[in-house]
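Working from the sequences, and respecting the hints, build out all of it.
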Amino acid sequence: MKYIIYCLFCVLFFGCNYNDGYCREEKKVNMGVSLRSVDVVNETEITYSSTNMTITGLYNDSILYEESTASTFQLPLKKLEDRTAFILNDNGVRDTIILLHENKESFISFECGTFIYHTINEVLTTVNNIDSVVVANPNVFNIEETHLKVYYKRAN
Amino acid sequence: MFNRFPYIYIVLFFFATSALAQDANKDSREQLKTQNDTIYRGFSVHLDIFSPVMGIISSPGIFTMEAQADVNILDRFYPTIEAGYGVGDIESKEGAKYKFSAPYMRLGMNFGLIKPINKKGERVDVSSYPFVGLRYGMSFLNYTLDNISINDGYWNNSKNLVYSSPLAYCGWVEVVAGVRVRIAKGFTMGLSGRFHLLLHSNNDKNKTYYIPGFGKTAESTFSLNYTVGYTF
Chain A
618 MKYIIYCLFC
628 VLFFGCNYND
638 GYCREEKKVN
648 MGVSLRSVDV
658 VNETEITYSS
668 TNMTITGLYN
678 DSILYEESTA
688 STFQLPLKKL
698 EDRTAFILND
708 NGVRDTIILL
718 HENKESFISF
728 ECGTFIYHTI
738 NEVLTTVNNI
748 DSVVVANPNV
758 FNIEETHLKV
768 YYKRAN
Chain B
-16 MFNRFPYIYI
-6 VLFFFATSAL
4 AQDANKDSRE
14 QLKTQNDTIY
24 RGFSVHLDIF
34 SPVMGIISSP
44 GIFTMEAQAD
54 VNILDRFYPT
64 IEAGYGVGDI
74 ESKEGAKYKF
84 SAPYMRLGMN
94 FGLIKPINKK
104 GERVDVSSYP
114 FVGLRYGMSF
124 LNYTLDNISI
134 NDGYWNNSKN
144 LVYSSPLAYC
154 GWVEVVAGVR
164 VRIAKGFTMG
174 LSGRFHLLLH
184 SNNDKNKTYY
194 IPGFGKTAES
204 TFSLNYTVGY
214 TF
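Protein sequence lines, in the order shown, are assigned to chains A and B.
Quick note on my numbering: the first sequence kicks off at 618 and runs consecutively.
Quick note on my numbering: the second sequence kicks off at -16 and runs consecutively.
Accuracy of the hints is not assured; some may be wrong.
Straight-line alpha carbon distances no greater than 16 Å define the calculated EDC-like cross-link-like pairs of lysine to aspartate or glutamate that follow [claimed, not checked]:
#1 B:Lys76 - A:Glu728
#2 B:Lys142 - A:Asp699
#3 B:Lys76 - A:Glu642
#4 A:Lys766 - A:Asp678
#5 A:Lys695 - A:Glu722
#6 B:Lys142 - A:Glu722
#7 B:Lys199 - A:Glu728
#8 A:Lys695 - B:Asp135
#9 A:Lys645 - B:Asp129
#10 B:Lys76 - B:Asp129
#11 B:Lys142 - A:Glu698
#12 B:Lys82 - A:Glu660
#13 A:Lys644 - B:Asp129
#14 B:Lys80 - A:Glu728
#15 B:Lys188 - A:Glu728
#16 A:Lys644 - B:Glu77
#17 A:Lys770 - A:Glu642
#18 A:Lys721 - B:Asp135
Think of the hints as simulated: they come from the structure by calculation, not from any bench.
In structure tokens form, the structure reads like this:
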């Protein structure tokens, strides 16, 4: 009889497991961008805070960011193409950043589907207000890291 | 994975059949007197009536059917073969579709927990017995994962992906614990719980969402079998 009770206990205990079928994974995979500059007096790297920064995708009118004091951004790379370009409008001065990247499919689960991760291979930029662009981390897996550092010519 | 409700029905049915088992014990005691002392003590065939019910109640779109056969060796060891077939067509909350069809088989042995001879050296009736066991399960899975959408929201682009495999081999082990109860002349029922451990797959196991005979690969570590059959 104790075996029966034990079996029933197991049944009821494990019967409490339930999967509602929803995806609990964080599905955003964005490229982290940090705006930087160099303090010419101390020759140290400092945060660049624009007084009026607007970011859009190339050939896309939707504004990704329109911030007065932001210095970090999360930008979406194209999942289905290997070239993504953004326009950074800093106080009316426009620069275009072009990223060449690979997209990698990773099937997570039936509930969550497939995530697309990116590897940045090359970055090109105009140099109207931007001095240079550095890939800090080429592997874009999540939204927690800084993947790209954009250096502006002067600190405000 | 499971709702609780199917278990309640099983538990109620289990207690109802235990009353029948009381009467059946009389018959088995008489049969015991005439049974000779051979290694082979009989065999049983069983049909799992729980898996199709479970498919309807808790996993709509999945249907599995399973049969079992075991041989009684010395009233203690029960080499077992279990075979079944599963088909399914299920859809996730996000619209992904998973279709599969596959046969499966498990090989293993149950070990009866009642000693067939008592301290006085007399034979004990073991027609109803608790047991533990081990299985190796295998399935050759034909599946298609369809309508896996990639939405590139800001860039106004989207694509649907399809993954499929005509023959994905999956192998697993199971630890089994349960009871086999005699309910009437020759007729027996069994209730067993099983812990699963997926050992290997020649495919991305994330894509084999459901393996017949094993369950959901993502989180299934436990399942139930409720069988009725005949012992020869």
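Hint-by-hint comparison with the structure:
{"no.": "1", "hint": "B:Lys76 - A:Glu728", "result": "7 Å, holds"}
{"no.": "2", "hint": "B:Lys142 - A:Asp699", "result": "15 Å, holds"}
{"no.": "3", "hint": "B:Lys76 - A:Glu642", "result": "14 Å, holds"}
{"no.": "4", "hint": "A:Lys766 - A:Asp678", "result": "24 Å, violated"}
{"no.": "5", "hint": "A:Lys695 - A:Glu722", "result": "13 Å, holds"}
{"no.": "6", "hint": "B:Lys142 - A:Glu722", "result": "12 Å, holds"}
{"no.": "7", "hint": "B:Lys199 - A:Glu728", "result": "12 Å, holds"}
{"no.": "8", "hint": "A:Lys695 - B:Asp135", "result": "7 Å, holds"}
{"no.": "9", "hint": "A:Lys645 - B:Asp129", "result": "22 Å, violated"}
{"no.": "10", "hint": "B:Lys76 - B:Asp129", "result": "13 Å, holds"}
{"no.": "11", "hint": "B:Lys142 - A:Glu698", "result": "11 Å, holds"}
{"no.": "12", "hint": "B:Lys82 - A:Glu660", "result": "62 Å, violated"}
{"no.": "13", "hint": "A:Lys644 - B:Asp129", "result": "19 Å, violated"}
{"no.": "14", "hint": "B:Lys80 - A:Glu728", "result": "10 Å, holds"}
{"no.": "15", "hint": "B:Lys188 - A:Glu728", "result": "14 Å, holds"}
{"no.": "16", "hint": "A:Lys644 - B:Glu77", "result": "13 Å, holds"}
{"no.": "17", "hint": "A:Lys770 - A:Glu642", "result": "39 Å, violated"}
{"no.": "18", "hint": "A:Lys721 - B:Asp135", "result": "14 Å, holds"}
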